[in-house]
Amino acid sequence: MKRTWLTLTTILIGCVVIGIMTKKPATTAQKTGGDTFRMALTSEPANLDPARGVDVNEGCVQAKLFDGLVRFDEKMKLVGDLAESWDIKDEGKTYVFHLRHGVTFHDGKPFSARDVVFSFNRLLDPAVKSPRTWVLEKVSGARERLAGTASDVSGISAPDESTVKITLVEPFAPFISLLTMPACYVLPADSAEMISDRSFFEKPSGTGPYTMVGRERDSFIRLAANPTYHGPKPTLETIELRIIPENMKAEMEFETGNLDLLQLFPSNYDRLAGKSENTGRIRDVPAMNVFYLGLNNQKPPFNDIHIRKALNMLIDREAIIKAVYKGRASVAHGSIPPGIIGHSQTAPGFPFDPKQGSELLKEAGFDKKHPLKFDLFQKSSQAAFEVTRLIQGEFKKYGVQVTLRPMEWSALKDAIDKGEATAFYLSWYGDYPDGENFLFPVFHSQNWGSGGNRACYKSAAVDSMIGSALHIQDTAKRAEAYDKVNRTIVDDAPWVYLWHLNESYLLGPRVESIEMSPLFGYDKGLTVTMRK
Amino acid sequence: MLEYTLKRAAGTIPVILGILAISFVVLYLIPGNPAETLAGPRASPESIARIAREMGLDQPLHLRFINYIVKILHRDLGRSAINDRPVYTSIREKFPYTLKLSILAMFISIISGLIAGIIGALRRGSFIDRLCTVFSVSGISVPIFLTGLILLYVFAVKLRWFPISADHCPNPWLGLLLPAITLGIRSGAFLARIIRSSLIEVLNQDYIRTARAKGLSSWRILTHHALLNALIPIITVIGLDISSFLNGSVIVETIFGIPGLGRFTMESILKRDYPVIQGVVLFSALVFVTINLLVDLLYAWINPRIRDEILAGKS
Amino acid sequence: MSRLTFTGKLAVVGLLFFILVALFAGVIAPHDPTETDPERILKAPPGFPLGCDQSGQCVLSRLIHGARLTLEIGFFARFIALLVGLAVGLTAGYFGGWWDWLLMRIVDIFLAFPSLLLAIAISMVLGQGLLTVILAIAIVGWAETARIVRGAALELRSAEFVEAAHAMGASHTRVILTHILPNCMPLVVVIFTMGMATAILAEASLSFLGLGVDPSLPTWGGMVSTGKDYLLHSPGLSIYPGLCIGFAVVVFNLLGDELRDVLDPGRRSQW
Numbered sequence: 057m058k059r060t061w062l063t064l065t066t067i068l069i070g071c072v073v074i075g076i077m078t079k080k081p082a083t084t085a086q087k088t089g090g091d092t093f094r095m096a097l098t099s100e101p102a103n104l105d106p107a108r109g110v111d112v113n114e115g116c117v118q119a120k121l122f123d124g125l126v127r128f129d130e131k132m133k134l135v136g137d138l139a140e141s142w143d144i145k146d147e148g149k150t151y152v153f154h155l156r157h158g159v160t161f162h163d164g165k166p167f168s169a170r171d172v173v174f175s176f177n178r179l180l181d182p183a184v185k186s187p188r189t190w191v192l193e194k195v196s197g198a199r200e201r202l203a204g205t206a207s208d209v210s211g212i213s214a215p216d217e218s219t220v221k222i223t224l225v226e227p228f229a230p231f232i233s234l235l236t237m238p239a240c241y242v243l244p245a246d247s248a249e250m251i252s253d254r255s256f257f258e259k260p261s262g263t264g265p266y267t268m269v270g271r272e273r274d275s276f277i278r279l280a281a282n283p284t285y286h287g288p289k290p291t292l293e294t295i296e297l298r299i300i301p302e303n304m305k306a307e308m309e310f311e312t313g314n315l316d317l318l319q320l321f322p323s324n325y326d327r328l329a330g331k332s333e334n335t336g337r338i339r340d341v342p343a344m345n346v347f348y349l350g351l352n353n354q355k356p357p358f359n360d361i362h363i364r365k366a367l368n369m370l371i372d373r374e375a376i377i378k379a380v381y382k383g384r385a386s387v388a389h390g391s392i393p394p395g396i397i398g399h400s401q402t403a404p405g406f407p408f409d410p411k412q413g414s415e416l417l418k419e420a421g422f423d424k425k426h427p428l429k430f431d432l433f434q435k436s437s438q439a440a441f442e443v444t445r446l447i448q449g450e451f452k453k454y455g456v457q458v459t460l461r462p463m464e465w466s467a468l469k470d471a472i473d474k475g476e477a478t479a480f481y482l483s484w485y486g487d488y489p490d491g492e493n494f495l496f497p498v499f500h501s502q503n504w505g506s507g508g509n510r511a512c513y514k515s516a517a518v519d520s521m522i523g524s525a526l527h528i529q530d531t532a533k534r535a536e537a538y539d540k541v542n543r544t545i546v547d548d549a550p551w552v553y554l555w556h557l558n559e560s561y562l563l564g565p566r567v568e569s570i571e572m573s574p575l576f577g578y579d580k581g582l583t584v585t586m587r588k
Numbered sequence: 005m006l007e008y009t010l011k012r013a014a015g016t017i018p019v020i021l022g023i024l025a026i027s028f029v030v031l032y033l034i035p036g037n038p039a040e041t042l043a044g045p046r047a048s049p050e051s052i053a054r055i056a057r058e059m060g061l062d063q064p065l066h067l068r069f070i071n072y073i074v075k076i077l078h079r080d081l082g083r084s085a086i087n088d089r090p091v092y093t094s095i096r097e098k099f100p101y102t103l104k105l106s107i108l109a110m111f112i113s114i115i116s117g118l119i120a121g122i123i124g125a126l127r128r129g130s131f132i133d134r135l136c137t138v139f140s141v142s143g144i145s146v147p148i149f150l151t152g153l154i155l156l157y158v159f160a161v162k163l164r165w166f167p168i169s170a171d172h173c174p175n176p177w178l179g180l181l182l183p184a185i186t187l188g189i190r191s192g193a194f195l196a197r198i199i200r201s202s203l204i205e206v207l208n209q210d211y212i213r214t215a216r217a218k219g220l221s222s223w224r225i226l227t228h229h230a231l232l233n234a235l236i237p238i239i240t241v242i243g244l245d246i247s248s249f250l251n252g253s254v255i256v257e258t259i260f261g262i263p264g265l266g267r268f269t270m271e272s273i274l275k276r277d278y279p280v281i282q283g284v285v286l287f288s289a290l291v292f293v294t295i296n297l298l299v300d301l302l303y304a305w306i307n308p309r310i311r312d313e314i315l316a317g318k319s
Numbered sequence: 157m158s159r160l161t162f163t164g165k166l167a168v169v170g171l172l173f174f175i176l177v178a179l180f181a182g183v184i185a186p187h188d189p190t191e192t193d194p195e196r197i198l199k200a201p202p203g204f205p206l207g208c209d210q211s212g213q214c215v216l217s218r219l220i221h222g223a224r225l226t227l228e229i230g231f232f233a234r235f236i237a238l239l240v241g242l243a244v245g246l247t248a249g250y251f252g253g254w255w256d257w258l259l260m261r262i263v264d265i266f267l268a269f270p271s272l273l274l275a276i277a278i279s280m281v282l283g284q285g286l287l288t289v290i291l292a293i294a295i296v297g298w299a300e301t302a303r304i305v306r307g308a309a310l311e312l313r314s315a316e317f318v319e320a321a322h323a324m325g326a327s328h329t330r331v332i333l334t335h336i337l338p339n340c341m342p343l344v345v346v347i348f349t350m351g352m353a354t355a356i357l358a359e360a361s362l363s364f365l366g367l368g369v370d371p372s373l374p375t376w377g378g379m380v381s382t383g384k385d386y387l388l389h390s391p392g393l394s395i396y397p398g399l400c401i402g403f404a405v406v407v408f409n410l411l412g413d414e415l416r417d418v419l420d421p422g423r424r425s426q427w
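Chains as they are written, first to last, in the working numbering: chain A, 57 to 588; chain B, 5 to 319; chain C, 157 to 427.
One or more hints might be untrue.
[Unchecked claim] Distance ranges between label pairs, derived from CB positions:
1. C:A243 x A:A375: 47 to 57 Å
2. C:E228 x A:D473: 29 to 39 Å
3. B:W177 x C:N339: 45 to 55 Å
4. B:D80 x C:T163: 49 to 59 Å
5. C:K199 x A:S332: 17 to 27 Å
6. B:R79 x C:A243: 33 to 43 Å
7. B:L65 x A:L134: 50 to 60 Å
8. A:S332 x C:A200: 37 to 47 Å
9. B:L65 x C:T334: 20 to 30 Å
Source of the hints: derived by calculation from the structure; they are not laboratory data.
Even for Gly, the Cβ is constructed at its ideal location relative to N, Cα and C.
Using the sequences and the hints given, assemble the complete structure.
Shown next as C-alpha cells:
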C-alpha cells in the first residue's frame with residue numbers, strides 16, 4: 057500500500073517538474089505602449105517567402121517586411137518603391153527601372169540591382185516551385201527558365217548597380233501593376249543559401265518599413281519599425297499581429313480592448329455598428345472582388361443562353377445585399393469591381409425582372425409544372441451557406457429548384473474542372489487593380505477550365521478584344537476597351553453576376569487615423585497613427 | 005517485474021505497426037490532390053504534376069508504405085503541404101503547450117474528482133451527495149465545446165477575470181486555467197463516480213467495520229484504508245485522461261486560443277493539410293500507447309498479484 | 157419499471173419525450189426547419205418563439221427536427237458499431253487462440269487512436285455527408301463494444317450449459333447464437349444505451365469542427381457551430397442546441413447506469 061502513495065506522489069511531482077521545465081508559454085501581453093498597433097490575422101501565415109505566398113495573411117506580413125520595385129500607395133496611386141523612377145520603351149516592351157540609392161536591408165547589407173535580378177530569377181526557378189510564376193510569364197526568357205533549359209532569365213538584366221531592365225515578349229500594359237504583387241518583392245542576393253534552405257524566413261531581412269522581432273506560430277507575429285527605412289518614417293513603433301482564426305474570438309478581444317482593428321462580418325456588423333461609441337469608427341473599403349454563380353456554358357441546361365439570362369433576372373441582388381451584408385456591397389453589372397480600371401458606372405448588367413426571367417425560362421421549356429432543377433456546388437463554409445441558402449429560397453419562388461452541394465475546396469475544384477459541377481457559387485479576388493485581372497483569367501479561352509475560366513466561356517471576339525486591349529498603354533483608353541469587353545461578355549451571361557463585396561473594419565479607440573485602400577491587406581503600415 | 009515489462013512492451017509492437025498502417029492508409033485514401041492544394045489557384049496542370057512527382061505521389065503503394073516507415077524511424081513525419089515545414093518540428097514546438105494544459109487539467113480532474121467522490125461516499129444519499137452526482141452526470145454529459153463557450157463568455161467576456169486568449173496573458177498559468185477547467189471537469193466527473201463507488205464498496209467491507217467498531221476515526225479509516233484502494237482506479241483514469249485530453253484539446257485550444265497541438269490540428273483540418281493531420285494522429289496514438297504501457301506497468305508494480313496472473317498466462 | 161429508482165424513471169420519461177419529439181417532429185414544429193427568409197434574419201417575428209437564425213430559419217423548428225436527426229445518426233452509428241463489435245467480440249471470445257489474439261490486436265489498434273482524431277481522419281477520407289458521420293462514429297465505437305463482449309463470451313464459453321450443448325453436438329454457430337448471444341443481451345442493451353450518449357457527443361463535436369453533416373440540415377452540433385460566431389449577438393443560437401445535446405446525453409447516461417444496475421448488478425464495477 058505504501059507503493060500506491062509513493063506512485064501517486066511521484067506522478068504528481070513528475071507533473072510539476074515537467075510543467076515547469078516545458079517551454080514558457082507564449083505571451084503576447086508585453087508592454088503595449090502608445091505606438092503599438094494590434095490587429096488580427098485569420099490564420100497563421102504559412103509562408104513568409106514572397107515567392108510562395110498565396111493568401112492575404114501572408115501578404116499582410118510580407119508587405120511590411122519587404123518591398124517591390126513599385127507599389128500602390130494608400131490612394132491607389134502607382135508610386136516608386138525600391139525604384140525611384142522608370143521608363144517604358146519600345147511601345148511597352150521594355151521597362152527600365154532606376155533604383156533608389158542608399159537602401160539597406162534590415163541586416164545592414166546594401167541593396168542593389170543584383171538583388172532584383174536574383175529575386176525575379178528565383179521566382180521563375182523551377183526548384184522554388186512558386187505558385188506565382190505567371191506574374192512574370194510575359195518576360196522574355198521566362199518560359200525557358202521555367203522549363204529548366206536556362207539558368208537565367210534573358211529578359212531581366214542589371215546594366216549597372218542601380219538600373220534594372222526588363223524586356224517582355226510582347227507589350228503588356230498591366231505589367232507594371234503585376235510588379236506590385238508580393239511575388240515580386242526583393243530578397244537579398246547575399247542570403248541566397250539561407251533563402252534556399254528556408255532558414256532565412258525564420259528571421260527575414262528585407263528592405264521594408266518593419267522588421268520581424270518576435271514570432272510564435274499560431275499565436276502572434278511582432279514587427280518593429282525599421283529605423284533605416286528608405287521611405288517615410290514608420291508611424292508605429294510596433295505592430296502586433298495576433299493569429300485569431302475564430303471571428304467570435306477576435307470580436308471578444310476587440311471588445312476587451314486587446315485589438316485596435318477588427319474586420320466586420322455579417323455576424324458582428326449589426327451589433328457593433330449599433331453601438332454609439334463606434335460611430336465614425338467604421339471604415340467601408342471597396343474590395344477587388346466579384347461574387348458570382350458560375351455556369352458551365354458548354355453543358356445543358358446552361359448552354360442555353362435563355363436560361364443563363366433568366367437566372368440573372370430572377371435574383372433580387374439588392375435584397376440579399378441588404379439582408380446579409382447590410383448594404384455593404386455593390387451590385388455586379390459585370391466582372392470588374394468599382395475603383396478598378398475598366399469599371400463603368402453606366403454598365404447595364406441585369407435588372408431584377410422576375411417577369412421577363414420567367415418568360416425566358418418558358419421559352420427554354422421550363423415553367424412551374426416542369427421546373428428547372430439543378431445542383432449548385434459550393435464551398436462548405438458558413439459564409440457561403442449564408443448566401444446560397446437565400447439564393448436557393450429566391451429561385452424557389454419562381455419555380456427553379458436548386459439543391460446545394462457543399463464540398464471541400466479541392467474537391468469542389470475537381471468537380472468543376474471535370475464538368476460534374478455545372479453550376480457553382482464562387483468569388484474571384486483580384487491580385488492587382490487592373491481590369492485585365494477580371495477578364496483575362498476568368499473569360500479568355502486560353503484559361504479554359506482549370507486555368508480560371510471555369511464557366512468554359514468561349515468567344516473568339518472577346519479573346520481578340522482582350523488581346524488588343526493589353527497593348528494599350530494609355531490608361532483611359534485601356535479602361536474604355538476593358539469596359540467594352542466587359543459589356544460584350546455580360547451580353548452572353550456566362551455567369552450569374554452577383555455583387556462586389558466591401559470589406560468593413562472597425563477601428564479601436566486608440567487609433568487616431570488610418571488610410572485604407574482596396575489593397576489594405578497588403579498595407580505597409582505607414583499611415584496608422586495612434587493616440588498618445 | 006522485468007519479465008513482465010518485456011512481455012508487455014513486446015505486446016505493443018503489433019499495435020504500433022497497425023497504427024502506422026492505418027495512418028498511412030488514411031492519408032492514401034484522402035480525396036483531393038495535395039499537390040494541387042500546394043500549387044495554388046492559378047497553377048498549370050504541368051506544375052501540379054511536377055509537384056506531385058516531387059512529393060513522391062506517383063510511386064506504387066507498398067513502396068510508399070516502406071518509405072513511410074523508414075522515414076518515421078528517422079523521426080521524419082513528412083512536411084506540411086501548406087508551408088513545407090517538417091511536421092516533426094511543428095509537433096515538437098506545439099506539444100509542450102498541450103502537455104502543460106493536460107497536466108493542469110489532470111490536477112483539476114484529480115482534485116475535483118477526489119473531493120466530489122469522497123463527499124459522495126461519506127455522506128451517501130445526502131443532499132450534498134446528490135449535488136455531487138448532478139455535478140458528475142452533467143460533467144460527463146455536457147459537450148466540452150459548450151462548457152468552454154459558457155466559461156469563456158461568463159468569466160472572460162462578462163466578468164473579465166480571465167484573458168480571452170490563453171496566449172495573451174501576462175501570467176501563462178492563469179490563461180490556462182479556464183481551458184484546463186473545461187477539460188478537467190469532464191474527467192473529474194468520471195473520477196468522482198469511480199471513487200465514490202469504490203469507496204462505498206470498501207467502506208462496507210468487514211475489516212473497515214471492525215476498524216470503525218474499534219473506534220478509529222472516519223478520517224483515519226478513509227486515508228489509511230479506503231482511499232488507498234481507490235488510488236488504483238485513479239491511476240487507470242489518468243491513463244484514459246491522456247486520450248481524452250488529446251481529443252479535447254482540438255476543441256478547447258481552438259476556443260481558448262492556445263497554440264498547442266489541438267489548435268494546430270484544427271488549422272490543418274481547415275487548410276486540408278493532410279500530412280500534418282496524419283502526423284498528429286499518429287503522434288497522438290503513439291503517445292497514448294506509451295502512456296498506457298506505463299500505466300499498465302505501474303499497475304502491475306503496485307499490485308503484484310495482477311502481474312503474476314498475467315505471467316501465468318491467465319490474461 | 158418498478159425496479160427503477162426515481163432517477164431511472166426520470167430518465168425513461170426523458171427518453172420517451174425525446175423519442176416522441178423526434179417521431180412527431182413534422183407535426184410539432186411550427187415551421188419548415190430549412191425555410192430561409194432574408195427578412196427574418198436574426199429577428200423574432202410573431203410565431204417564432206425562439207426567434208430566427210442567421211439565415212432566417214426558425215430556431216425552435218430546427219431544434220425539434222434536430223432531435224430526430226440526432227437520434228437517427230446516433231442510432232444507426234451505434235447499431236453498426238454493435239453489429240461489428242458483436243461479431244468480433246463473440247467469435248474472439250468463443251474461439252480464443254490465435255483468432256482471439258489477432259482480433260484483439262486490431263481492437264487495441266483502434267482503441268489506441270484518440271477517438272475524435274480518428275473520426276476526423278475518417279470523415280476526411282469519406283468526404284462530407286450524413287453517411288460519413290454515421291460511419292466515422294461507428295468505426296470509432298465498435299472496438300470498445302468488441303472488447304466488452306469478448307470478455308463476456310470468454311466467461312460463457314466454459315459455462316456448463318455451453319459445454320452441455322457441445323456434448324449434444326451443436327454447431328459453433330448454433331452455440332454462439334442460441335447460448336452465448338442471448339446471455340450477452342443485458343450487456344448489449346447497456347452498451348448500446350451508453351453508446352448513444354457517446355455517439356451524440358461525437359456527432360456534435362464533428363459538427364462543431366465543421367466536419368459534420370451539411371449545415372443546412374438541422375443537427376444540434378451544427379447549430380452550435382454555425383451559431384458560435386453570433387455568440388455575442390444572440391447567444392441563444394448556440395446555447396439552446398448545446399443544452400439539447402446535454403439533455404439527450406444525460407438521459408442516455410442515466411438510463412445506461414440504471415439498466416446496468418437492474419440487468420446485471422453483479423458486474424457493476426467492471427464497466
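Range hint compliance [Cβ, C:E228 to A:D473, 29 to 39 Å]: 35 Å, holds
50 to 60 Å as the expected CB spacing between A:L134 and B:L65, which holds or is violated: 52 Å, holds
Range agreement (Cβ of C:A243 with Cβ of B:R79, hint 33 to 43 Å): Once the Cβ atoms are compared, 39 Å apart, the range 33 to 43 Å for C:A243 and B:R79 holds.
A:S332 versus C:A200 beta-carbon gap, inside 37 to 47 Å or not: Given a distance of about 23 Å, which is not inside 37 to 47 Å, the answer is violated.
Beta-carbon spacing of C:A243 to A:A375 - inside the hinted bounds 47 to 57 Å or not: Since C:A243 and A:A375 have Cβ atoms about 56 Å apart, the given range 47 to 57 Å holds.
Distance restraint evaluation - B:D80, C:T163, Cβ atoms, bounds 49 to 59 Å: 53 Å, holds
CB-CB spacing for C:N339 and B:W177 relative to the 45 to 55 Å hint: 52 Å, holds
C:K199 paired with A:S332, Cβ distance criterion 17 to 27 Å: 22 Å, holds
20 to 30 Å as the expected CB spacing between C:T334 and B:L65, which holds or is violated: Taking Cβ atoms as reference, B:L65 and C:T334 lie about 43 Å apart, which means the hint is violated.
Violation of the numbered hints given earlier is confined to hints 8, 9; the remaining hints are satisfied by the structure.
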